[in-house]
Amino acid sequence: MEKKKDEKELLTIGSGDLYQPYSWSVGHYGSKFLHELKDHKKLLGIRCPKCNKVYVPPRKVCGKCYVAMDEFVELSDEGEIYACTIIQFGFVDPGTGIQRPVPYGYAFIKLDGADTCLSHFVDSTDPEKFKVGARVKAVFEEKRKGSIVDIKHFTLI
Amino acid sequence: MERAGIVGVGQTVYERRKEDTFAELVFEASTKALADAGVGIEAIDNIITVSNDFWDGRTISSMAIQDAAGSWDRDISTVEGDGIFGALYGMMRTLSGSFDTTLVVAHVKGSEGNMNMITNSMFDPIYQRHLGPDATSTAALQARVYMEKTGATEKDFAKVSVKNHGNGVKNPFAQIKKKITIKDVMESRKIADPLKLYDCSPISDGAAAIILSTEKGLKRFKKDPVWILGVGHCSDSYNLGYRDLAWPRALDAAAQKAYKMAGIKNPLKDLDVVELYDAYSYMELLWYEGLGLAPRGKGAELIRSGATGMKGELPVNPSGGVLSAHPVLVAGLARLIEATLQVRGEAGTRQIKGAKKALAHGINGPCGQAHGVFVIGA
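Residue numbers (my numbering), protein chains in the order written: chain L, 1 to 157; chain V, 1 to 378.
Fair warning: there could be bad hints in the mix.
Unchecked claim - Taking beta-carbon pairs under 7 angstroms as the criterion, some of the chain L residues facing chain V (in silico):
1. Val67
2. Ala83
3. Gln88
4. Pro94
5. Gly97
6. Val149
Unchecked claim - In silico DSBU-like pairs for lysine-lysine, Cα to Cα no more than 35 angstroms straight-line:
7. V/Lys257 to L/Lys129
8. V/Lys356 to V/Lys190
9. V/Lys149 to L/Lys8
10. L/Lys145 to L/Lys53
11. V/Lys170 to L/Lys110
12. L/Lys60 to V/Lys257
13. V/Lys179 to L/Lys50
14. V/Lys32 to L/Lys129
15. V/Lys353 to L/Lys50
16. V/Lys265 to V/Lys190
17. V/Lys311 to L/Lys137
18. V/Lys177 to L/Lys8
19. V/Lys179 to L/Lys131
20. V/Lys183 to L/Lys64
21. L/Lys64 to V/Lys353
22. L/Lys60 to V/Lys353
23. L/Lys53 to V/Lys260
24. V/Lys178 to L/Lys131
25. L/Lys110 to V/Lys190
26. L/Lys53 to V/Lys298
27. V/Lys149 to L/Lys152
28. L/Lys137 to V/Lys223
The set of hints was computed from the structure by calculation and includes no laboratory data. Please read all numbers here as calculations on a predicted model, not as lab measurements. Glycine included, every Cβ here is placed at the ideal spot set by N, Cα and C.
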């Protein structure tokens with residue numbers, strides 16, 4: 001729209017600090033995964049009865065075969081980096097409102113025993129060591145509450 | 001079989017902080033498309049809007065733009081996703097037998113929200129969202145995997161950015177009109193390695209609209225249509241951890257379907273111009289492969305050869321592409337509009353001489369989860 005000469009400053013209206021609260025069901029499989037993580041520091045995957053692919057975190061359906069899965073398998077807490085990046089811009093954790101300090105390492109990790117990747121932080125920002133193919137191990141929080149961030153981060157081994 | 005053609009197109013200029021409200025942008029793009037088609041709103045039988053609740057900051061965001069889209073006493077429906085999927089739905093409605101003409105309009109005001117938080121919200125809130133993934137950080141992961149698997153380099157990515165920004169200078173609708181060098185890209189600020197500032201598209205506001213017609217509906221319009229010759233769409237896994245990030249199999253499937261319909265045997269030779277969704281520089285190389293313009297793993301060789309430059313065998317993104325303006329949701333429809341202008345010979349100084357067959361491509365979801373491909377021609 002053309003701005004008229006005598007027009008006053010254009011205004012904006014802010015959304016304020018209110019947010020939309022949700023309570024997402026994790027489901028039976030997700031709850032089992034998060035309980036194991038919290039209580040035993042164990043990572044669970046699930047195997048497709050048709051193609052044998054092991055998914056982590058466990059879920060009900062193999063997308064490719066379109067069959068239900070129910071065979072849980074215990075995975076290693078070690079694995080290999082499939083993809084990695086060093087993030088230079090901050091983000092505010094939507095769950096806690098806490099800003100993560102930058103830079104930080106972020107990666108897709110193929111856990112030993114799994115066929116899919118789990119995304120997580122890696123405590124390295126050294127591009128010489130933090131590379132595709134590098135071996136990593138999960139570091140768990142002392143106090144765990146049944147969340148993916150019960151894994152504090154992965155560390156290079 | 002009944003055909004559908006594009007008889008009108010309209011776009012706003014894309015900018016970072018447009019003053020108009022998004023409903024005003026929808027009105028601008030829609031009325032430009034009607035004027036281009038030489039008709040008033042009475043020539044339109046039904047309307048498809050494209051919007052997203054998170055970007056607009058309100059639920060059922062389509063409700064807020066119905067009047068601006070011209071829906072008074074008209075059938076209206078909505079797509080939540082890239083505009084290329086709006087065009088696809090519009091084509092289906094046009095060919096359904098219920099309507100002869102369809103207006104498709106997409107809008108976004110990327111500058112009014114927080115891009116990182118909005119794109120973080122597309123990820124699973126249980127296992128992923130707390131870890132901060134967004135459009136840019138996951139693109140960085142994909143770029144890294146692509147480099148590892150194919151040997152493409154950051155310099156190859158920079159070549160895409162230099163080419164597309166160079167083209168954008170000639171596009172009056174582009175947001176960033178800037179000639180840059182490989183050195184500029186390589187030395188630009190690090191965002192998330194291997195991506196640097198000039199590997200990333202900007203945050204943009206804008207709207208775009210097209211009008212579709214069956215053969216029967218054509219008598220209402222002044223211009224010759226640009227026909228939809230082939231169309232394909234396909235989607236990969238939602239969870240990035242389940243995907244091969246270095247191979248866009250959904251694009252391969254979508255493109256092959258569109259080529260089969262359009263009778264395209266060798267896309268590099270049979271097409272005259274391509275407009276694809278380069279949200280980040282590296283994506284263009286990956287999409288070359290998915291579109292079958294380069295063999296698998298050889299996307300970098302195509303950019304190095306110069307074949308996709310303005311004077312090459314198959315120019316890609318003469319408009320400057322998404323790197324020169326990234327109105328999310330609108331960008332795929334803008335690709336289709338640019339392709340239409342090329343086929344009509346109305347693309348001004350960015351015109352590819354004698355272009356008869358063009359391809360337009362749009363994506364949805366992180367790292368190109370879903371792809372839509374249109375092949376159009378006179």
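Outcome of the hint check:
no.: 1; hint: Val67; result: violated, 15 angstroms
no.: 2; hint: Ala83; result: holds, 4 angstroms
no.: 3; hint: Gln88; result: holds, 5 angstroms
no.: 4; hint: Pro94; result: holds, 6 angstroms
no.: 5; hint: Gly97; result: violated, 12 angstroms
no.: 6; hint: Val149; result: holds, 5 angstroms
no.: 7; hint: V/Lys257 to L/Lys129; result: violated, 43 angstroms
no.: 8; hint: V/Lys356 to V/Lys190; result: violated, 40 angstroms
no.: 9; hint: V/Lys149 to L/Lys8; result: violated, 56 angstroms
no.: 10; hint: L/Lys145 to L/Lys53; result: holds, 29 angstroms
no.: 11; hint: V/Lys170 to L/Lys110; result: violated, 45 angstroms
no.: 12; hint: L/Lys60 to V/Lys257; result: holds, 30 angstroms
no.: 13; hint: V/Lys179 to L/Lys50; result: violated, 53 angstroms
no.: 14; hint: V/Lys32 to L/Lys129; result: violated, 54 angstroms
no.: 15; hint: V/Lys353 to L/Lys50; result: violated, 53 angstroms
no.: 16; hint: V/Lys265 to V/Lys190; result: violated, 41 angstroms
no.: 17; hint: V/Lys311 to L/Lys137; result: violated, 51 angstroms
no.: 18; hint: V/Lys177 to L/Lys8; result: holds, 30 angstroms
no.: 19; hint: V/Lys179 to L/Lys131; result: holds, 33 angstroms
no.: 20; hint: V/Lys183 to L/Lys64; result: violated, 44 angstroms
no.: 21; hint: L/Lys64 to V/Lys353; result: violated, 44 angstroms
no.: 22; hint: L/Lys60 to V/Lys353; result: violated, 53 angstroms
no.: 23; hint: L/Lys53 to V/Lys260; result: holds, 32 angstroms
no.: 24; hint: V/Lys178 to L/Lys131; result: holds, 34 angstroms
no.: 25; hint: L/Lys110 to V/Lys190; result: holds, 26 angstroms
no.: 26; hint: L/Lys53 to V/Lys298; result: holds, 29 angstroms
no.: 27; hint: V/Lys149 to L/Lys152; result: holds, 29 angstroms
no.: 28; hint: L/Lys137 to V/Lys223; result: violated, 64 angstroms
Violated hints for the displayed structure, listed by number in ascending order: 1, 5, 7, 8, 9, 11, 13, 14, 15, 16, 17, 20, 21, 22, 28.
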